[in-house]
Amino acid sequence: MVWPLLRRLFRTVLAVWALASSVFLLSRHDANTATLLFLPDSSESVATGNGNAADYAAAQRAVQHRLGLDLPLFYASQQPNAPANTAQWRWNGTQNQYHRWMVRLLHGDLGTSFRTAQPVTTRMCSALGFTLPLTGTAALLAVLTALALARRLAAKPWWQHPVRAALVAVHALPLFVLALLLLLTFANPAVVAWFPAYGLDQLAADSDNWSRTQTYLLHLVLPVAALTLAALPELTLQLDAALTQELRTDYATTARAKGLAEGAVIRHHALRNALLPTLTQVAELLPAMVAGAVVVEVVFALPGMGRLLADAAAGRDYPVLVGGVLLTGAARLLALLLADLLYFWADPRIRWQS
Amino acid sequence: MALLAPYLPLPYPPHESDLAHVAEAPYSMGSTGLHWLGTDPQGRDVLSVLVFGARTAVLLTLPAAFLAALLGSLAGGAAGFWGNTRRLAVPYWLLALGGLWWGLRFPVPLVGAGVAALGVAAIVLALLRPRPIPTWPVPINAIVMGAATTLDSIPRLILVVAIAAGSGVSAPGLLALLTLTAWPHSARLVRAQMLRIRTLPFIEAAHAAGLSSCKIWLHHALPHAIQPLRTALPLSIAGLLGLESTLSFLGIGLPPDVASWGRLMSAIRNEPDAWWTLALPATCLIASILSLNALGRSRHKSL
Amino acid sequence: MKPHSSAFFLLCAAIGFCSQSCSAPEGKDLAIRVRCAYDPESLNPLQLPNQQAFDAANLLHVSLLQADFSKKEIAPALAEALPTAELVGDSLTRVSYRIRPAATWDTGGPVLATDVAFTLKLMFCPGVPNETSRLQFGFIQGLIPDPHDPRRFTLECRGQGTEYQQATGDFFILPEAALDPQGELRRFSLAALQRRPQNAPDSGLAAVARRYRALAPGKLPGCGPYQLTAWEKDRYLAFRRKANWWGSRLRPTPFVLQARSQKLAFVIIPDAATASLALQRGDLDIFPQMPAREFARLRKATAARPALSFYSVPSYDVVTAGFNTRRPALADALTRRALSHCFNAAGLLQATQMGEGQQTVGIISPLDRQNYNDSLAPVPFDLAKAEALVRQAGWQRRAGTETGWVRTRPGSKQPEVLQVSMRYRADETTFATIALQFKAAAASLGIAVSLLPTEAGSFTTALRTSDFDMYVRTLKGNPFMFNLAPLLHSRAIGQSNTTGYSGAASDRLLDAIAVAENPTRRAQLLRKFQTLMQAEMPWVPLFFLPTRIAASHELTGLHVTGLKPGFALTAVERSAKSTPTP
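Residue numbers (the numbering used here), protein chains in the order written: chain A, 520 to 873; chain B, 3 to 305; chain C, 2 to 583.
There may be inaccurate statements among the hints.
[Said to hold, decoys possible] Here are the in silico distance ranges between beta carbons for each label pair:
#: 1; chain 1: C; residue 1: Leu83; chain 2: A; residue 2: Arg580; range: 31 to 39 Å
#: 2; chain 1: B; residue 1: Ser214; chain 2: A; residue 2: Phe863; range: 26 to 34 Å
#: 3; chain 1: C; residue 1: Ala308; chain 2: B; residue 2: Phe68; range: 47 to 55 Å
#: 4; chain 1: A; residue 1: Pro652; chain 2: C; residue 2: Gly205; range: 43 to 51 Å
#: 5; chain 1: B; residue 1: Gly101; chain 2: C; residue 2: Ala192; range: 58 to 66 Å
#: 6; chain 1: B; residue 1: Phe68; chain 2: A; residue 2: Trp610; range: 45 to 53 Å
#: 7; chain 1: A; residue 1: Ala849; chain 2: B; residue 2: Val122; range: 39 to 47 Å
#: 8; chain 1: B; residue 1: Gly101; chain 2: A; residue 2: His584; range: 26 to 34 Å
#: 9; chain 1: A; residue 1: Val710; chain 2: C; residue 2: Ala231; range: 40 to 48 Å
#: 10; chain 1: B; residue 1: Phe68; chain 2: A; residue 2: Gly778; range: 42 to 50 Å
#: 11; chain 1: A; residue 1: Trp608; chain 2: C; residue 2: Gln142; range: 42 to 50 Å
#: 12; chain 1: A; residue 1: His584; chain 2: C; residue 2: Asp147; range: 34 to 42 Å
#: 13; chain 1: C; residue 1: Ala38; chain 2: B; residue 2: Gly101; range: 28 to 36 Å
#: 14; chain 1: B; residue 1: Ala178; chain 2: A; residue 2: Ala849; range: 25 to 33 Å
None of these hints come from the bench; they were simulated from the model.
Positions of the beta carbon are idealized from the N, C-alpha and C atoms, including for glycine.
Given the sequences, and given the hints that come with them, work out the whole structure.
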C-alpha cells in the first residue's frame, strides 16, 4: 500500500509543480501591466511633469529591473518578429526568471511581494492565521451538521420536504447575498446589532486575554455562519440523495428483513456506502479552506487568504499569486491523499489504482 | 417565457436607464410608463431585467452547467472505467507528437512533419497488412485527474478573477470560463461512482458476454455512474448563477447591457433599503432552482 | 444530532456574549478611526502607491510646502515661508527656501539643507524603490546650499513656470543621519546621480539602498507629528502623536503643522455597506467618499438622531469621457462633438450623485472663478443636434435594412462604419450608468455602442495601448496646478495623452500655459484653451464629483474641502464636551 501511495504523491507533486510553473509563466505575459501599476498614472491626474515619454520609459525600465522582470522569462524563448518558417527559438541560459524562481523555491523562498516588498511567506502565514480558524470552523460545522441532517432526512420524517426545499433555496443564493443578509440583519443598528459589523479591529489590545478571546469569537460568528450556510446545502443534499439510493438496494432490504430498525439500517449499513461520493466533496473542502473565502472576507473586512489572493490578482502581484497557487496545491495534495484513505476505509472493494 | 422576452410588451427595455427614477419602489410611475416592480440603482426597470435576466440565465448558465456535466461525466467516467490501462497503437502516438512539434514551431519543423509522416505511413501499413502493432498505454485516469487537480488547485473564484482581469469578460468567454471551471467537480463525482460500479457483477457479466468495453462503458456503466449528477446538476446551476453574480459583486462582471439577476441582487450593497432589488431576483432564482430540482427528482423517480 | 445541537448551543453562547459586550460601555480608546477601502501597501515616501499611502505618509513625514485645508492654498510647512523664485536665462528657475529653525528630527538633530539634498539624491540612488519620485522630480537638477546658513538652500530647476514654486516643495524630507550616516551620497552630486546608469556598481550606494530597503514598513524616521504604532495588513494602521513634536512648540501653530488628535487610525473596510454599518454603530468616526445614495439615505434617516454629521462640497475630480482620436471614425472633431451631445450630463448627475456636484465645460473646476471659462455653456443633451452633426461630418445612413452610419473618406475605398466600443472600470457603478445612458441615446440615433467594463489593471493597460474607442474615467485635478501638457500635448502621445489628440494650436497653448509669467496671463490662456477643447472635443468633461464625508457628530475641525483626502486629518479632534455615542 505504501508504493502506490508514494507514486500518487509524486504525481500530485508533479501536477502542482506544473500548475505553479504555468501560472508563473502565464502571469509574466502580463508583466507590462505590473510595471504600469507601479508608476503613477499621469494620464489620470493633473500633476507636475512635462509628459515626456522617454523619461517614463526609463522609469519603467528601472521598475522592471528592480522587480527582476527584465530578464528573459524562460530557458528558451521565441524570438519576436522573426520571419515565419525559420528557427525562432533562442537559448537564454540559466539567467532567466523561471530558473531564478525555481532555485529560490527549492530553498524554500517564495520571493517577495511586488506591492509591499514583504516576503510572500510572511504575508501568507499571517493571512492563514486568520483564514484557517474561520474556514476550518465553518467546514467542521458544515460537515457535522450535514451528517446529522442527512441521517435524519433519510428516515423520511414529515419535515423532509420543507427542509430540502429550504436547503435548495439557501444554496440558490450566492454567498455574498447570504453574507450581506446576515450582516444587514444581525449587525445593523436599525434591526438588531448583536454582532460587530466588521473585521478584527482590536485596537484596544490592552484588555485581558479572556475578553480578547471573547471579542475574537464574537467577530467570527457571522462569517462562520455565512460560510457554513453556504457549504451545508450541497453536502446535505448530496449525502441525502446517496442515502436514499442506498436504502433502496437489496442489502438494505435484507437488513430491514432481518428486523433492524430504519435508523440502524442507515447507521450501520447505508451511511458508509452513501458517504462515497460525498467524500470527494469533503476532501475538496480542504484546499478551499486554505484558499479562504474572498467574498466573506470582503463583506466582513477580515484579512484572509481570499482577499490576499484576489488583491494580488488585481494588483498583478505575481509572487503572492504564485505562492497562493502553490499553497492551495499543497493542500489539494493532502486532500487527495485523505480522500483516498477515506475511500479505502469506506469501500474496501476499491483497490489502489495502478 | 425567457425565450420570448424580446417580444413581450414590456414598458421599458432592460438596458435603458430611467435617470429621473432611480431606485424607485415597485409600482411607481416612471417617465414613460409604470415601473411595475420598481427600478434598480441605475434606473433600469426591474421587471424587464428579471425577464431578460432569465433569458441570460437560460442562454448562458444552463448551457454552461450542462456542458460541464457532459464533459465531466465523459472524462470522469472514462477515467474511472479504464483507469490507466487503455492502450493506443504507437503510430497514433507518432502522429500526435509530430503534429505537436509542428504546431509549437519547435526548431526544424521538418522533424515534426517527418515524425507525423512516419506515423501515417505506419497506420497505412497496418491497415494494408493486419498484424499486431506495438501499443503504448494511454493514462486516461492520470490525464483526467491531473487536469482536474490542476484546475481545482486554484480556487475557482481566484482563477476566474485572474482570467477575467487579464482578458475581460464577454458572454461567450464567460460560458467557456464557467464550463472550464465547473467540469472537474462532476468528473470527480462520476469517477468515484464509476470506480464502484465497474466492480459490480453486471459489468463483469457484460465483459464475460464478450461485449466491447466501449459499449459496456457507454450503455451499462455510464448511466449508473452519473447518478450523483442528478443532485449535483441543479446545485451546480445554482453555483454558476451565484458565481456570475459574485463576479459582479467583485467588480468584474458581464457588461451592464446584459441583464443579470446576480447583478440586480448585488445592487443591495449600494442600496440597503431597496429590498425589491434583492427579494425579487432571489425569489426568481430560488423558484427556478427548486423547479429544476423537482424536475431532476421526478426524472429520477421515473427511471 | 449532537453536533447539531452543539452548534446551536455555540450560537446561543455567542449571542449571550455579544449582548453582554455590546450593552456594556466599551473601554474604547479615543483614536479617531478613518475608513480606508484598501491597504496602503507601502509607506515608502519615495514611491507611494495610492492615496491611502499618501495620507498615511503625510502623518509621518513633512514636506517643504503643504496644502492648507482651511484656506485652500499652498502654505509653508517645513519651509519657513513660501519660496522665492528667480528665472535664470531662458530655461532655468531657481527656487529658494529656508527651513524652519524649530524643525528637528526625533533624535533632536535639526532638519537642514543637507537633508533636503540627501532626499533628492536618494530619489536617484540605484536600488532604492524610487521610480515615482524620479519621474516626478527629475526636473530639479541641483541643490545649491547657502554657505552662511545651513538651513537655507536654492533648488535649480530645468524649465520655467509659475508652478515650480509649488512643485519643488512637494516631497517628504528624509533624515540623512539615520539613513546615510557615512555620507555615501555626499560623494555624488545630484546631477551625477541623475546621469549615472542604473547598473553601474558602487558599494557605497548599494549600502545606502540596502539600509533603506531593510527598514520595516512605516518605520522610516520622519519629522512628522505622528508615529506608526501598529500596522496590521488589511486590518488597520494606528498612529500616535509624538510626545514632544517640534511643530507643537511653534506659537501660533500654523494650520498645516497642527496635530490635534492624540491617536489616529486607518481602518481598512473594503465593502462600503459594511463601513456604513460601522459608522452608524459608532465603530468608525470618519467615512470619506461615501456612496451617494447611502449618504443621502443616512442623512435623511439620522436627521432626528444627530449622531452623525454630513458634509458635501464640490471636489476637483471630473468624470470625463474620452475619445480615441487615432481611430479613423473619431478623428474629426465633428463626429466627436456629435457623440458628446449624446451624454445627458444633467440627468446623470441627478441619478448618480443625487444632484450634488457640478456640470462643467472643461476640466477646470467651476469653483475656480478666475480660470473657469464661464462664457461657455456645458454641452447640452440634444439628439437632434447630434444627428445634424453626424450628417455634417459626412456620415450617411446605411441603405436597406441595416441600421447605422457609413462614410467613405476621399482617397480610401473602404467605407467606415460609425460604431464605438466604450471602456470603463467595471467596479464603478457611476460609469456603468453613464455608459448605459450613452448607449441608449446613441442607439436611438442608430449608432451601435458596445460596452466593455474592464478590470482596473487591464483598464490602465488598455488606455496605454490605446485599445479603446471611448473611455469613461475620473480625472483628478487640484486647484493649484494647471499643467495640462501631460494630458493633451502631442509629445505625451503614447504615454499619458491617452486620447492621442494633437494639434498645433493646442500644443502652443499648452506650452504657453506652462510658462505663463503670472496668474492673470495664465487665466487668459486657460480660458482660451477651454474654448478650443470644446470645439475640438478630444474628451467630454461631464461633471465634477462632490466630496462626501460622513463623520461622527463629536468631531470638530474637519475642514472639508475638495482637496484629497477631503478633510484635514491632522486638525480633526473629538470635542471635549461630547458624550460617547450610544
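Q: Kindly indicate which numbered hints from before are broken by the structure, ordering the numbers from low to high.
A: 8, 9, 13
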